[in-house]
Amino acid sequence: MLQVTDLHASVVDADEEILKGLSLSIGAGEVHAIMGPNGSGKSTFANVLLGRPDYVVNSGVVTFEDEDILELFPDQRALRGMFLAFQYPAEIPGVRPWQFLKAALDARREYAGEKPLSVRDFSKLFDDKVEAVGIDPDLVKRSLNEGFSGGEKKRNEMLQLEMLEPRLAILDETDSGLDVDALRIVAEGVNSLRSPDRSFLIVTHYQRLLNYIKPDVVHILVDGRIVETGGPELAMTVENSGYEQYIKAAVAD
Amino acid sequence: MVTPNSISRESDLSGGEYKWGFVTEVEQDFAPKGLSEDIVRLISAKKDEPEWLLEWRLKAYHHWVKMAKEQGEPEWAKIRYPQIDYNDIYYYAAPKSSTEAPKSLADVDPEMLATFEKLGIPLQEREKLAGVAIDAVFDSVSVATTYTEQLEKLGIIFCSFSEAVKNHPNLIKKYLGSVVPYSDNFFATLNSAVFSDGSFAYIPPGVRCPIELMTYFRMNAEGTGQFERTLIVADKGAYVSYLEGCTAPFRKTSQLHAAVVELVTLDDAEIKYSTIQNWFPGSKEGEGGVYNFVTKRGICRGVNSKISWTQVETGSAITWKYPSVILQGDNSTGEFYSVALANNHQQADTGTKMIHIGKNTKSTIVAKGISAGQGQNTYRGQVKIMPSAENAVNHTQCDSLLVGDQCGAHTVPYIEVRNPTARLEHEASTSKVSDDQLFYLRSRGISEEEAHHMIITGWSREVIKELPFEFAMEAGQLLKVSLEGAVG
Ligand SMILES: Nc1ncnc2c1ncn2[C@@H]1O[C@H](COP(=O)(O)OP(=O)(O)OP(=O)(O)O)[C@@H](O)[C@H]1O
Ligand SMILES: [Mg+2]
Numbered sequence: 001m002l003q004v005t006d007l008h009a010s011v012v013d014a015d016e017e018i019l020k021g022l023s024l025s026i027g028a029g030e031v032h033a034i035m036g037p038n039g040s041g042k043s044t045f046a047n048v049l050l051g052r053p054d055y056v057v058n059s060g061v062v063t064f065e066d067e068d069i070l071e072l073f074p075d076q077r078a079l080r081g082m083f084l085a086f087q088y089p090a091e092i093p094g095v096r097p098w099q100f101l102k103a104a105l106d107a108r109r110e111y112a113g114e115k116p117l118s119v120r121d122f123s124k125l126f127d128d129k130v131e132a133v134g135i136d137p138d139l140v141k142r143s144l145n146e147g148f149s150g151g152e153k154k155r156n157e158m159l160q161l162e163m164l165e166p167r168l169a170i171l172d173e174t175d176s177g178l179d180v181d182a183l184r185i186v187a188e189g190v191n192s193l194r195s196p197d198r199s200f201l202i203v204t205h206y207q208r209l210l211n212y213i214k215p216d217v218v219h220i221l222v223d224g225r226i227v228e229t230g231g232p233e234l235a236m237t238v239e240n241s242g243y244e245q246y247i248k249a250a251v252a253d
Numbered sequence: 254m255v256t257p258n259s260i261s262r263e264s265d266l267s268g269g270e271y272k273w274g275f276v277t278e279v280e281q282d283f284a285p286k287g288l289s290e291d292i293v294r295l296i297s298a299k300k301d302e303p304e305w306l307l308e309w310r311l312k313a314y315h316h317w318v319k320m321a322k323e324q325g326e327p328e329w330a331k332i333r334y335p336q337i338d339y340n341d342i343y344y345y346a347a348p349k350s351s352t353e354a355p356k357s358l359a360d361v362d363p364e365m366l367a368t369f370e371k372l373g374i375p376l377q378e379r380e381k382l383a384g385v386a387i388d389a390v391f392d393s394v395s396v397a398t399t400y401t402e403q404l405e406k407l408g409i410i411f412c413s414f415s416e417a418v419k420n421h422p423n424l425i426k427k428y429l430g431s432v433v434p435y436s437d438n439f440f441a442t443l444n445s446a447v448f449s450d451g452s453f454a455y456i457p458p459g460v461r462c463p464i465e466l467m468t469y470f471r472m473n474a475e476g477t478g479q480f481e482r483t484l485i486v487a488d489k490g491a492y493v494s495y496l497e498g499c500t501a502p503f504r505k506t507s508q509l510h511a512a513v514v515e516l517v518t519l520d521d522a523e524i525k526y527s528t529i530q531n532w533f534p535g536s537k538e539g540e541g542g543v544y545n546f547v548t549k550r551g552i553c554r555g556v557n558s559k560i561s562w563t564q565v566e567t568g569s570a571i572t573w574k575y576p577s578v579i580l581q582g583d584n585s586t587g588e589f590y591s592v593a594l595a596n597n598h599q600q601a602d603t604g605t606k607m608i609h610i611g612k613n614t615k616s617t618i619v620a621k622g623i624s625a626g627q628g629q630n631t632y633r634g635q636v637k638i639m640p641s642a643e644n645a646v647n648h649t650q651c652d653s654l655l656v657g658d659q660c661g662a663h664t665v666p667y668i669e670v671r672n673p674t675a676r677l678e679h680e681a682s683t684s685k686v687s688d689d690q691l692f693y694l695r696s697r698g699i700s701e702e703e704a705h706h707m708i709i710t711g712w713s714r715e716v717i718k719e720l721p722f723e724f725a726m727e728a729g730q731l732l733k734v735s736l737e738g739a740v741g
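Residue numbers (our numbering), protein chains in the order written: chain C, 1 to 253; chain A, 254 to 741.
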C-alpha cells in the first residue's frame, strides 16, 4: 500500500533536515504504529505524506499503491485514498463541518466516478456518524474546529475519517488529550474500519491506545529515522524503559 | 445611434469570466447625448410627468450645474478614475417596444424576457416558485411588475417609480427627496435631475409584506448612464424585505450608474434591504466597467423602527456607496452588513453612516472587504452621536481579507460623539487565507480553488447569512466567479 524509501525532508528555506532517511513499508490491511520522542519528526512525516507545502522533500521515494505520489498535490493524494487525522486541526471560521464534509465526499465520489450523495442520504450518514463518534450535534452546526476543545477537535477528525473511508488513514496523536470514553471511540472507529484493503499508520505516545488497537507493526522514530521495528511488544518496551537506549544508539550512528 | 451587437460570453475581452456579459438586441429609444435643461424637460415629458416633478428635476439640474462648476465631483474617496464627460452620456434610453408600458407579461418584448431568462430570473417561474415579486428595470424603464394583485389586496403598493408618480402622487410628493434631498451630493443631484425610473414600495400600517419584493437592474445600451430611484416607505408597524440585484454587459467603455435609494420607516416599522451588486467590473486589464456612484439612505423616523442594509458588492470598476441610517426615532435600530470584493483593477470605497439622534438608538456595522489581484478596498464609515441621543450604542466590526500581495485594504472610520452616555465599540482585523487552512481542506480532497472559495465565503458568512436564502446562494456563487483567477 505505502512504500517509503530513504525519505529526506526539511522545512522550506531551512537547511537542517527533519527527516533523515526514513524508510518503511505498509502492506494492505496492516496497522502500523509509530512512536518516538517529541520533536523526532513524526508529525513532519505524516504531513509530508499528504504533501504539506511547508516541507520540501530533498530525496527519497514515496509510492502509494505503486504510484509515485511526491509530485501530487495534497487534494490529489486525498482523492487517491490518503487521509491524515491532524495533531492540530486548523480552525476555519464560517465553514460548517456539514458543508465541508459534503464537499470532501462529493469530490472523492466524483473522482471514483460515482454520483454525489443526495442531501438526504448525506445527512443521514452524517447524523449517524456524528452520533457514533459522540460529537455534540450542536457543535457541528458551528464553524469547523473554531472554539472546539482539544478533544472535540480529535473527535471531529474521527468523524471525517469515518465519513471519508480512506484507503490509508494516518492518525497523528489522535489519542492525545482524549478522555477514556473518547479513546474507546477512536479505537472502535479504527477497529470497525479495519479491512483487508485498508491500512493505518498511527502516531502515538501511549501504549494504552495500542491495548485497544492491536498493531501489526510498531516503529520507533528517532531524529528523523526509523531506528527499530518490531511487533506490539515493542510498544511495551518503550512504555517501560523510554527512548533513552534508541536516542543513544541514534547519536552513536 | 448605437446598434448593439451580440457579444458571446466567451468574448476575448473578458475571457468569459463575466458570466452575465451579453447584450440584448432590443430597439432602444434614445434622447440625444449630453445634459441640458432641454434633456431634463424631455425626460419628464416622455414620462408624462406632472408639473411639480418637472420643477423638482429642474431645481436639481440647476443645482448640479452649479456644483459641477464650483466643486466638481467629490474627491475624498480613495478611488482613481478618468474624468467623466457628462456630455458624452445618454441620459435616457427606453426600449422602443415598451414606450407603451406593458400591461402584463404577455405584452413584454420576448427578447427582453429572454434576457431575464439568461440572467437567471425567469419571471414566470420565480413568482411561483419563490414567491418573489420582481420589478425589473431594464436600462431605465420598468418592464414588468409581477405579483401586484396579491399585494394590492393587502394594500401594498409595489410598482415602477413612473407608475407611482401617476397613481400615487401624494405619497411620492410627500416622500421623494425627504431622505436624500435633491441637493445632497453631486451624484444624487444628477440623479434627481435625470432619473428615468426605478421602484416604489409602500407598506401600509400593520402589514407584514408576505413575500420578498425584488428589483433587478440591468444596464444595456452602450454609452447610457443608469439613474434609477428607489423609494420604500414602511408605515407604522409594517415590515418588508426588499432585494435588489444588478448586472451589466461588458463594454470597453465605462458606464455611469448613479442611483438613489430612500427608505423611510415610521413607528415600529422595519425595512430589510438586501443588495447583490454585480455590475460589470471591467476587464482584467482594467478596461471598461461600471462606475457605481450610489446614494442609499434610510431614516428611522418612528420610534422602535429598524432599517437594515445588507450588501454583497462584487461588481463595478468603481464602487462609491455608503448606505446609511438616520436614527431619529427613539429606540430605533440601524444595521449595515457588507461584503465588498475588489479584484483585478476594481476599486471599492464603501461603508456606512449611522447618525444617532433619538434616545436609546442602536447601530451595528459589520463590514468585510476582500481584496485580490490589484484590487483596492476601502471601508469608510461614520458613526455620529448627536447631543440628543441619550444611551446610544454602536458596534462596529471591520475585517479585511487579502488574497495575494498586490492588493490593498484600507479602513477609514470617522467617529463623532456629542453625548457622553454613548457606548461605542470598534473592532478591526486584517487577515490572509492561511496556508494551514488551505492544507487542511485540500488534505480532504478539496481542490485549491474550491478550498479558497470555501474559506472566503466562510469568512464572509456573518454577512451572507443576513441575506434571504436564495440570495445567499447567489452571493456565494458570485464571490466564487468574481475571484476566479485570483487564487491558485
Ligand atoms: N513548519 C516547521 N517550521 C519549523 N520547524 C519545524 C516545522 N515543522 C517541524 N519543525 C521542527 O521539526 C522537528 C520535528 O517536528 P515534528 O512536529 O515532526 O515532531 P513530532 O515528532 O511530531 O513531535 P511531537 O511528539 O511533539 O508531536 C521539531 O524540531 C520541530 O520544531
Ligand atoms: Mg507531532
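None of these hints come from the bench; they were simulated from the model. Where hints are given, some of them may not hold.
[Claimed, not checked] A partial selection of chain A residues facing chain C, derived with a Cβ cut-off under 7 Å: (1) Gly539; (2) Gln690; (3) Tyr693; (4) Ser696; (5) Glu702; (6) Met707; (7) Trp712; (8) Arg714.
All of these numbers come straight from a predicted model, not from anything done at the bench. Ideal Cβ positions, reconstructed from N, Cα and C, are used throughout, including at glycine.
Against the structure, the hints come out as follows:
1. Gly539: 30 Å, violated
2. Gln690: 5 Å, holds
3. Tyr693: Since chain C brings a Cβ to about 4 Å from Tyr693 of chain A, closer than 7 Å, the hint holds.
4. Ser696: 5 Å, holds
5. Glu702: 10 Å, violated
6. Met707: Constraint on Met707 of chain A satisfied, holds at 6 Å.
7. Trp712: Status holds, d = 6 Å.
8. Arg714: Cβ of Arg714 of chain A sits 3 Å from chain C, so the hint holds.
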